[in-house]
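Quick note, the sequences are listed as chains A and B, same order.
Using this note's numbering, you'd call the opening residue of the first sequence number 1 and step up by one each time.
Using this note's numbering, you'd call the opening residue of the second sequence number 1 and step up by one each time.
Hint data in this document are derived by calculation from the structure and do not stem from the laboratory.
Using N, Cα and C, we set each Cβ at its ideal position, and we do this for glycine too.
Any given hint might turn out to be false.
Using C-beta positions, here's what the derived DEER-type ranges look like [to be verified]:
{"id": "1", "chain 1": "A", "residue 1": "Thr18", "chain 2": "B", "residue 2": "Leu90", "range": "39 to 49 Å"}
{"id": "2", "chain 1": "A", "residue 1": "Glu8", "chain 2": "B", "residue 2": "Trp24", "range": "19 to 29 Å"}
{"id": "3", "chain 1": "A", "residue 1": "Ser147", "chain 2": "B", "residue 2": "Ala99", "range": "16 to 26 Å"}
One letter stands for each residue in the lines below.
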Amino acid sequence: MADRITLEVTRYQPELSTTPEIESYEVPLRPEWTVLDGLNYIKDQHDGTLSYRWSCRMGICGSCGMSVNGDPKLTCGTFLSGYAPGPIRVAPLANFPVIRDLIVDISDFLRKLVQVTPWISRPDERPISEREYLQTPAEMEEYQQFSMCINCMLCYSACPIYALEPEFIGPAAIALAQRYNLDSRDAGAHLRLDVLNTPEGVWACTFVGECTTACPKDVDPAAAIQRYKLTAAMESVKGFLLPRGAR
Amino acid sequence: MTDPVVRDSGERAPLYRPRVSRLWWLHRRSYRLFVLRELSSVFVAWFVVFLLLFLRAVGQDDAAYQRFLDWAANPFVIALNVVALAFVLLHAVTWFNLAPQAMVVRLRGRRIPPRMIMLSQYAAWVAVSAVVAWLLVGR
Numbered sequence: 001m002a003d004r005i006t007l008e009v010t011r012y013q014p015e016l017s018t019t020p021e022i023e024s025y026e027v028p029l030r031p032e033w034t035v036l037d038g039l040n041y042i043k044d045q046h047d048g049t050l051s052y053r054w055s056c057r058m059g060i061c062g063s064c065g066m067s068v069n070g071d072p073k074l075t076c077g078t079f080l081s082g083y084a085p086g087p088i089r090v091a092p093l094a095n096f097p098v099i100r101d102l103i104v105d106i107s108d109f110l111r112k113l114v115q116v117t118p119w120i121s122r123p124d125e126r127p128i129s130e131r132e133y134l135q136t137p138a139e140m141e142e143y144q145q146f147s148m149c150i151n152c153m154l155c156y157s158a159c160p161i162y163a164l165e166p167e168f169i170g171p172a173a174i175a176l177a178q179r180y181n182l183d184s185r186d187a188g189a190h191l192r193l194d195v196l197n198t199p200e201g202v203w204a205c206t207f208v209g210e211c212t213t214a215c216p217k218d219v220d221p222a223a224a225i226q227r228y229k230l231t232a233a234m235e236s237v238k239g240f241l242l243p244r245g246a247r
Numbered sequence: 001m002t003d004p005v006v007r008d009s010g011e012r013a014p015l016y017r018p019r020v021s022r023l024w025w026l027h028r029r030s031y032r033l034f035v036l037r038e039l040s041s042v043f044v045a046w047f048v049v050f051l052l053l054f055l056r057a058v059g060q061d062d063a064a065y066q067r068f069l070d071w072a073a074n075p076f077v078i079a080l081n082v083v084a085l086a087f088v089l090l091h092a093v094t095w096f097n098l099a100p101q102a103m104v105v106r107l108r109g110r111r112i113p114p115r116m117i118m119l120s121q122y123a124a125w126v127a128v129s130a131v132v133a134w135l136l137v138g139r
């Protein structure tokens, strides 16, 4: 195995150019090094102005998502050796506006995330002294998979619908809505229905399935969306057939 | 109250907004397969039209039925139907493969494994095909 590998990094420096450019850097190819380690090496040894987000280095903070050879990846869990002999193309996450180099603007996602009420919503909030909502293991299993989301936005980057229709609420927000809808302690499903049972909600999804392929935490957002389509359709039928009080 | 999450960006450098190419679907194998799957619905619609034309011919007289058979034997129509059959098979197979992701079926409190949901659809397909084959050939 060669002892060095080339990273072709997309750089966008708005004070220098209006379009991104690609710069190549050689980094040591060590079996234990990830793409993120390679970027840190570049920042330390070649160019301190290289900008990118990262924090935990263990696939839980969700901040180091980038496009690696065209695939959305957490760079802390993507090993350089998997791409030997290289070169490896590192670009900002697709489908998001770029602020600088490998940093994308995530405000659209954050705006959509709060729309789906991603917290336990109850009309009868108990006082803190007695607030313990018990749950059986089976009830927890209902939603646990969808609670693994780390908001890394790889699913948005993989989704061609989000690229073509930026108003689409998107995979992670819908999966998180399902995480709370399926939680036995929650009573806010009707709040989420108004947001999700819309052309920009679940009905924008055409089940490409790439969100699930891209997800580093096995959340399966595509399944969350399809399952919610059934729920939304049933609610629409009920709304049409039943009198208001019986819904 | 201001939004707690999205703050006004104020003065900052322009964002670079990448444009989506018209040929985005050529860039990945999974996207190409997805576009083919979407396209398959056109051929499903074609089979419905073909069936309706057939029913109309049967409902008229022998001459109309014969005209339909002659038209359907036209090499162009046969070629179209062969292509349509390929797309309808793609449609069916991809649908069967995706269905377990969309459905959670429980039996006595236990979740049925996704593989079983997929296989049960294939089993139903084989059973219906067998009945159709028996109607056409066996009787």
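Taking the hints in turn, this is what the structure says about them:
1. A:Thr18 to B:Leu90: 39 to 49 Å: holds (43 Å)
2. A:Glu8 to B:Trp24: 19 to 29 Å: holds (21 Å)
3. A:Ser147 to B:Ala99: 16 to 26 Å: At 24 Å between Cβs, range holds.
The structure fails none of the hints (numbered hints given earlier).
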